[in-house]
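Colleague: These are the residues of each chain, in order.
Number of protein chains: 2
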Amino acid sequence: MDRSYKIDEWKIIEEGFNPEKNRASESVFSIGNGHMGQRANFEERYSGNSLRGSYIAGIYYPDKTRVGWWKNGYPEYFAKVLNSPNWIGIDVSIDDEQLDLARCEILSFRRELNMKEGTLSRVFSVKMKNGITVEVNTTRFVSLDDHELGAIKYSVKLPDQGARLSFTPFIDGNVVNEDANFGEIFWNESNRSTDNGNALLVTTTRKTNFTVAFASNYAFYRNKKEIITEPVLHSREKYAGHSFEIEARAGVQYTVYKYAAILSSENNPVNKIGHLATIKVQEASSKGFDELLDAHRDAWQKKWDESDIVIKGDPAAQQGIRFNIFQLYQTYTGDDKRLNIGPKGFTGEKYGGSTYWDTEAFAFPFYLMTSDLHVARNLLLYRYRHLGKAIENAEKLGFNNGAALYPMVTINGEECHNEWEITFEEIHRNGAIAYAIYNYIEHTGDSSYLEDYGLEVLIALSRFWRQRVNFSEPKLRYVILGVTGPNEYENNVNNNWYTNKIAWWTMQYTTECIGAVKSAAPAKYKDLVERIEFDEKIEIAEWKEIINNLYFPYDEDRDIFLQQEGYLDKLQQTVDNIKPEERPINQHWSWDRILRSCFIKQADVLQGLYFFGEEYDTETIKRNFDFYEPRTVHESSLSPSIYSIMASRTGRIDKAYELYLRTARLDIDDINKEVKEGLHITSMAGTWLSIVEGFAGLKVKHQKLYINPLIPEAWEMYSFMIRFRNNLLKISINKTKAEVENLSGKRVCINVGGEEKKISAGNTEFFKI
Amino acid sequence: MDRSYKIDEWKIIEEGFNPEKNRASESVFSIGNGHMGQRANFEERYSGNSLRGSYIAGIYYPDKTRVGWWKNGYPEYFAKVLNSPNWIGIDVSIDDEQLDLARCEILSFRRELNMKEGTLSRVFSVKMKNGITVEVNTTRFVSLDDHELGAIKYSVKLPDQGARLSFTPFIDGNVVNEDANFGEIFWNESNRSTDNGNALLVTTTRKTNFTVAFASNYAFYRNKKEIITEPVLHSREKYAGHSFEIEARAGVQYTVYKYAAILSSENNPVNKIGHLATIKVQEASSKGFDELLDAHRDAWQKKWDESDIVIKGDPAAQQGIRFNIFQLYQTYTGDDKRLNIGPKGFTGEKYGGSTYWDTEAFAFPFYLMTSDLHVARNLLLYRYRHLGKAIENAEKLGFNNGAALYPMVTINGEECHNEWEITFEEIHRNGAIAYAIYNYIEHTGDSSYLEDYGLEVLIALSRFWRQRVNFSEPKLRYVILGVTGPNEYENNVNNNWYTNKIAWWTMQYTTECIGAVKSAAPAKYKDLVERIEFDEKIEIAEWKEIINNLYFPYDEDRDIFLQQEGYLDKLQQTVDNIKPEERPINQHWSWDRILRSCFIKQADVLQGLYFFGEEYDTETIKRNFDFYEPRTVHESSLSPSIYSIMASRTGRIDKAYELYLRTARLDIDDINKEVKEGLHITSMAGTWLSIVEGFAGLKVKHQKLYINPLIPEAWEMYSFMIRFRNNLLKISINKTKAEVENLSGKRVCINVGGEEKKISAGNTEFFKI
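Protein chains in written order, with my numbering: chain R, 506 to 1274; chain C, 506 to 1274.
Calculated directly from the structure, the hints in this document are not laboratory data. C-beta: ideal position from N, C-alpha, C; glycine also. Take the hints with a grain of salt, since some may be wrong.
[As the list claims (entries may be wrong)] Chain C side only, calculated, beta carbon under 10 Å to chain R, not exhaustive:
{"hint": "1", "residue": "Leu902"}
{"hint": "2", "residue": "Asn923"}
{"hint": "3", "residue": "Arg1101"}
Build out the structure end to end from the sequences listed, making use of the hints.
Modeller: As structure tokens, this is what we get:
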């Protein structure tokens, strides 16, 4: 654990500059607005170790697949969200020496992410090689109020002596993805212009032909007074900018305001996009930095008003959950149904900004409970729209009759991943998509979704499972061979309990839903049956045969579910046997050693018990928890949150709290030593769940709301808000009571620790705990 | 099957040109001399589909590893034998039109590989776009008599009309490997010159710094009369050549003789290499084509005199075995201990010319039985020299105490392969290396090898197995988890029977050898024990504990060994259930489907029964054969030969014959539809074994020679030669008797079908069968 940043309830603060940690800080201090994001790269030039990253939602490139040894069925490309032209750049020089924090003496340095307001700022003081001391103060944001705008305030003061001070704000499209498979350049320039005040660069992606216009302009101030500059114009291949200079006086503050409008062809007509961007940036600059910032702050305040979690008595825990919520909303706001949530959001290149099962298993319940119904529905519709591609994908692998296998990784519905053990075998992802439909309907009661879209997906998924099992003669049971479970530290195993469980449940739930839709909306059902050539009698009978005879690995001695067949043949050890210097094992052990060991990357059997805990008694869950948790290295960010919830559900509040801190502060404290690659956005939703479903024990059962609250020792109280059936509820829990406030909506019935009350809008009820 | 070539006992003949099949023919008609090789590319320019390939033994490049997703432990590079400068090129133009078989009408075309003489020739007639008909007759060889020489005779006749005929013989180093991971250029030029008669190009590999000098010169003849030309000299980056032209008359034959000396820094001082190459090529040209060819033919005749297999009554079978023997000697002659045998020899880029377990399991017994003792010893010493690297390799994967894991793929002892399921898990390769030592000592009686080198290797291998097993609580047995067996259509399985068997045997055999060396050479033993810190008491006790308690998967119902745990959970089908259009399945099915199926790529349990058949009765072998063979798709070239031998051993002569034809004619008939990538050189040794160990039933048991002959229905007789303990024996088998002739050496004792006779040198004995 690396507690480099100060504990603060609303801020992340880095004091002192550590170049070794710069890439990590660039991730942690990222800013975004759900439509674009920007790593915390410096505005001024930096020749040290840095991962420049600027990303625009939905703009991707099909990067030609790179593998060592081709396997049949691999996709031709990996769709990657691109590193986009650099719009934050402001080169600064003083007496002709470039300001560069890698090349001067740093006297002081502070980087600060203000989560309440959504701003990134830096204050630093350096002594340059030419002996001049420079103080810089800079703040920037990408607007949550207008998602096409970004603004920067960049102030320089020379405390000791005057000098020639020069600024070059620019837009630079000469960018690459560090992880480009073959070093390809992804962008072409399609337009460029500069005039006295404005710079415009319009770039178009190769192959995919997305166009993005970057317009910027600037204003220059001495203290509070604007100075009219006569800039030198810079215009060259994929680069547009302005230089201007001034004989700066000692002790006077010089400020550049840089405004940027970033318009994508996804939302703007491509033939006018440069023009529209120029107009927009001119409007922005005429409003000015402070007015734009006010609107941005207000938008953030609104988010916080509806989704803040307050924790009293434990600032590290408080900082953790706010950071998680903040980054989730920076990544996805739910207002564009074409978008989804990449595991690293807009904070790094890894995972290519694509959609994984993380969306359904982790992010979905967060948005389902914190946002308007259309947000969760948009996430479901994203997969519905990809159903045809999922059926094609299954066909490529030899399935037929409308069986669907959703891709492991996708932007446009096509599979992008190319490790056979994941791409072809980590098929449990199909289950999470079914589970999200179930979750949505339980929480919202919106059965129209099932009738119009959901059932069609469920049938396609069940058709897949039906074909994916085979009958084992020795076992006289159906088996599912050759899979990778959520625990990716096992590959190509047979009868992964979780996979078998979710396959079983999908066929079961699909059968139930068919009954429900058939009676509630017979015409829609008939239409669907015809459209997908569904043979109700035969297909349901086949599912039932499998439901009744599917094999589940189980250990009698320990009375636990077995992660997979043969798991107990491994040398059984607990995680405390691993030498500390060999952790995380994924950075120290060869892959075969990891596979051969009993160590578990992330919740696997426990993931199943999390989804389907209602079917099992607490003792069963405890036994499995006690067996698997000590073997789990939690090297997936998705692991500690699920274990934390399950620890809460089995009453182990201390363990739950320990795991909560691990998930909540995973990135701030760089626990898995990989935050330099980007943040773990989807696991942040797991953090939220570990409070709401974990400590507070919230669940919806037969469409009714239950909570069963616990509170960690260290906390005085905590509160959170959830949406449930058009209600917005605020739930506060302290050591002795739970308080439920119905902030808006109809009267709602809630069961807290066994006691049931009805609460009308505007009212609050108290429950002893 | 694609029977495109004519059946001929000594030749491969292609009649008519099929551009679709050109890459395949370029492989099949390859020539080589154990030190360099050349695909059957055309001398004249060819703009159609072609894989240019010219390879020099031992000259490799560490091509930066390309993977999709890096796994800890992967090597940094793949060592590849390089495509070398083109020394065969002779551009031809007629009235300024380039001769190019892709751009003219082909009137007739014949390509012929003469295996008796080791020559490649073409005779063709074309009508060019300019209307001129051209007849070409060309022959080339790389000398088996002087492995640094190649020669080409290229004759052109214009039957119908005169025209301006121009030739440009050249050397061109502007070559790439088609399979270069990142399109890197591998060669730098280090010297170049041209003068009136000679061209010299000296090139050096990047990174590895191998230097190769290519010197060529030419002579030009009108009919039988030499013409002195005044060539235009061409000299540019990595290219040296000459052009000359003549007003050709109709009906007259014009011939260019091109000679090339190719000297590598592995065998020549680098500072004089260009000079030496020039001298050598001048000497060659002064001898002339016919004299060089005579010496080359004589060298081949000597090879054939000692290793030919004659089959009467079955020309397709005869052609097959000669092709196999011919290609084996073209690849490796055993006179350079630094060299080894790549699975594709010098006939393609795939597998990089590197060493695989194929060497020990297949090629080794061929050379052991057909060549002088030093050849097999050189092959063993190759691995002995790599022992330190094998120990380092094991350390990278977490092993210690001098445990060795030999690489799956290597040129210099370092692992090159980068698929985790192969690189880290196909560990049975270690066993084949132990088995080759055993085989060598059985055949040669050369126990000094064991004392000086072999035991050290065996102990390091047993140390590996000792650490690689773990104790399974549920089974109360030692298990070997997470392996890939010879059947690479299963990955990451537990308790592969073959792997467990060869691990078990290695520990057993090592223990025996320790006893033998300890008593025969106590001083050497003591020295070894100290050098490798061998704790005899403890280590042997640990091996014995494992030997006594290792788990072997077994099916009681069928009374067969199980390829791996859980194999019977698969849907059991035989190969005839696969749709013909889906074969080979490795070109039609996604990888997961192949893994999930019961279909077997190559002998696995049967490979174990081949090695250790003495331990099992014939009924056991039959049961396993009858279970596994119908499930085997033989999509590894290494498969049919082993199954053919096992079919012979169990008396199924028809099946053995069917499989013999499959291995013998695998490449000629392109059975696995991949010959365009290169020939399957190592499997060719398996073809030889399927006659000698299969039909003839030859084995050495307790250092005595046994044969147990069968003869396929279609054959009148067959004969082969083997070396055994300084004897050269010729064994001929017909329908009624076996004839054993002791061609040279001491008196030898041989047991044929149970009857034992002693035969003195020069004598022949007959045995009824």
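Colleague: Any hints this thing doesn't respect? Which numbers, in order?
Modeller: none
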